[in-house]
Amino acid sequence: MRENTFGHRLGAVLAAALLTTACTSGDVGDADAETGQTLTLWTRAATEAQTRAFVDTYNDLGRNTVELTVVPNDTYLQQVATAAGGRSLPDLLGADVVYARNFIRHGFYTDLGDRLAETDLLDELAPAHLDAATADGAQYAVPHTLDLSLIFYNKVLYREAGLDPERPPTSLPEMMEHAEAISALGDGISGTYFGGNCPGCLLFTLWPMVWADGGEILTPDGTASAMDSETIGPILQTYRDAYAEGLAPESAAQENGISWLQPFAQGTVGVAPLGSTMLRLMPEHEGLEIGVAPIRGMDGGESTFVGGDVLGITATSTKTAAAWDFLSWTLTEDVQREVLTSGGDVSVRTDIAPTDGTDPHLRTFHQVVDLGRVPTAVNFGATFNDPQGPWLQFARAAIFGPDPVDTTIAEHRPRLDSALDVAG
Amino acid sequence: MRSTGTHHRHRRRSTDRSTQAIVLSLPAALVVGLLFVVPLALLVWMSMTDWPLLGEPSFVGLAQYDAILDDPLFLDAIWFTLRYTLITTVLLTAVALGLALLVQQTRFGSGFLRTAFFLPAAMGLAVASLLWFALYSNEVGPLSDLLATLGLVDEPVNWLGTPDGALWSTVLMVIWRFAGFYMIILLTGLQAIPDQVYEAARIDGAGWWRTFTGITVPLLRPTLALVLVLSVTGSLLAFEQFYVLTGGGPDNSTVTVVSTIFRQAFTLFDLSWAAAMSVVVLIALVLANIVQLSLIRKGDES
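Just so you know, the protein sequences line up as chains A and B, in that order. Residues in the first sequence are numbered from 0 upward in steps of one, following numbering that gives the first Met the number 0. Residues in the second sequence are numbered from 0 upward in steps of one, following numbering that gives the first Met the number 0.
The reader is advised that the hints may include incorrect statements.
Unchecked claim - From the structure, some residues in chain A lie toward chain B, with a derived Cβ separation under 7 Å: (1) Thr34; (2) Leu76; (3) Gln77; (4) Gly85; (5) Gly256; (6) Ala381; (7) Asp385; (8) Pro386.
What the hints assert, rightly or not - Here are some chain B residues the structure puts well away from chain A; computed CB gaps all over 12 Å: (9) Ser17; (10) Ile21; (11) Gly54; (12) Tyr64; (13) Val139; (14) Pro155; (15) Leu159; (16) Arg220; (17) Thr222; (18) Ala224; (19) Asp250; (20) Phe265; (21) Val280; (22) Ile295.
As the list claims (entries may be wrong) - Listed below are several chain B residues computed to face chain A (Cβ distance under 7 Å; list not exhaustive): (23) Leu68; (24) Tyr242; (25) Gly246.
Calculated from the structure, these hints are not laboratory results. Where a beta carbon is used, it is the ideal one built from N, C-alpha and C, also for glycine.
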């Protein structure tokens, strides 16, 4: 009996081994079928609402089953690194668009170029996102969601402060003038707010102000910083003055991103740059009537940070055909309308234009998306998003530190450069 | 002939016994080998290679160790960790000893107090950190309001917002979390001191302080040594409390050695650098414990 069991087991193991070999060596095996598969998908919490809507709609079709795992933003890199080290990445892996280059460099994604070439998608998708997921001519991921940085302002407070609620600020100095007028209301109301201890919040909102007036943050290949005291200097100085004058609450210096949108959502902040995907999360109420407008530079130019996520198939996935079935489905026009634009989000397709019936906020989103930029750098995360990285130290020193802004820029720029340098 | 026979038999028995010993210790050896020696060897090997997340590692020798010494974050973290260890160990030992003396005698309420002091130790460190994170938050936490009501402060305390505030707030939480645990250890040491010794001291007319310095502390020394070793080792490896409470901030002022290893491995994806850092920390810990234990032994001989 014992031996019999052992024999059975041995047989099963051998059969499994043979099957595995057959599947990996054969061109078309069962495991590579387009339908009837169970796929795993990881995304960070920032994209949960949108990704879940995609997954639920897709699962209802019955072609494949996608199992969604949502990972907290702050631990996404850790989870991905651990999974990659243990060869257990999911079939579909989302990435903050600014991390795409790094994920590609570590070999997490498989090349989608041939599959994309069979479609007309390459002409229709947000070019900045496509570009961010390209390396050496290969296309490793496709746009999944767009998150744009814009000025959000509270029309209720604008009216109370005697400002015109239909006239959002047309330059950064004007935004701070509005903030000053609203601060004067007192009673726990602040003119503006920002994530003073949140590297991602700061870059997402401050960089478009630099781009708006023609300045650059990074060199084109993303291996060095292009910030100087003429481009980012006046912007940091404006924030420094605003904080010193008390236009933002003192807690802004400790805001690490966790409660970044809370004060505005509660209706206690007049005007501040935030992200377009947050609109869903902030229901209007008696004290909050939201207006959105493009982020402006010192001289009034407009720009936006095109953030959001890209989605790709991992290099370790054995179900690429089914994964592609899901991926290409999410990008079709109907699905984009059904899942994204109907919920107030921007489509990742450029051919879906707003119509007369479109919500005015969404219309503003569409207006700025073409002006927007996706900065790319292999070491983006380590340099800019990491709370221990050089960008947060730099921005905090400039806004809250004892030294003048120019001195801080001169002192910190070499640290940014060495962190960005891929060879170093 | 007879003696040879006995000798033979004796030797065979001892051979049997040593074979038996080897066989019996095999499971333990296997566990130690699998769970300790193999990972350690892998760690050392990892630290001497360029180890990508996906793909084949390549040997680079001691290059990673060279690079560590040029990393200002790691070097700053070493100083911060040493400072934190010193502060925590001194305060924690003092508080734990105070609590142990307080509940040493079995009298009305001492059982309740012992339980109350020990309860935080039953909580995970990460959970305790989260609890205190909420307590320190001026948005949701009651601490600042409480102090203001008592008239101790005029405006909300910026608990975690300044470098000093972040350090001392963390130390306070750690003392709350661990003092009861060390109190129990010290209590067992205290109760092992025979009553006769105290009686003799009393008859000789020794006061409380004289008894404490002349009898309690010397006889408690082995237990105190254990507490010191535990506290120093634990503090040198501090991670969760700072990860949850301060995230290394503000301005990188509370980055510990283990935080930098974690960042190197999981934020920067640089596994081999993190492995080299771990080896350095391991060697430092082994040395620190050798020094501490040898000091304790030296004390025992005198």
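(message) Hint by hint, where does the structure go against what was stated? Just the numbers, ascending.
(response) 1, 4, 5, 11, 13, 14, 15, 19, 20, 23 and 24
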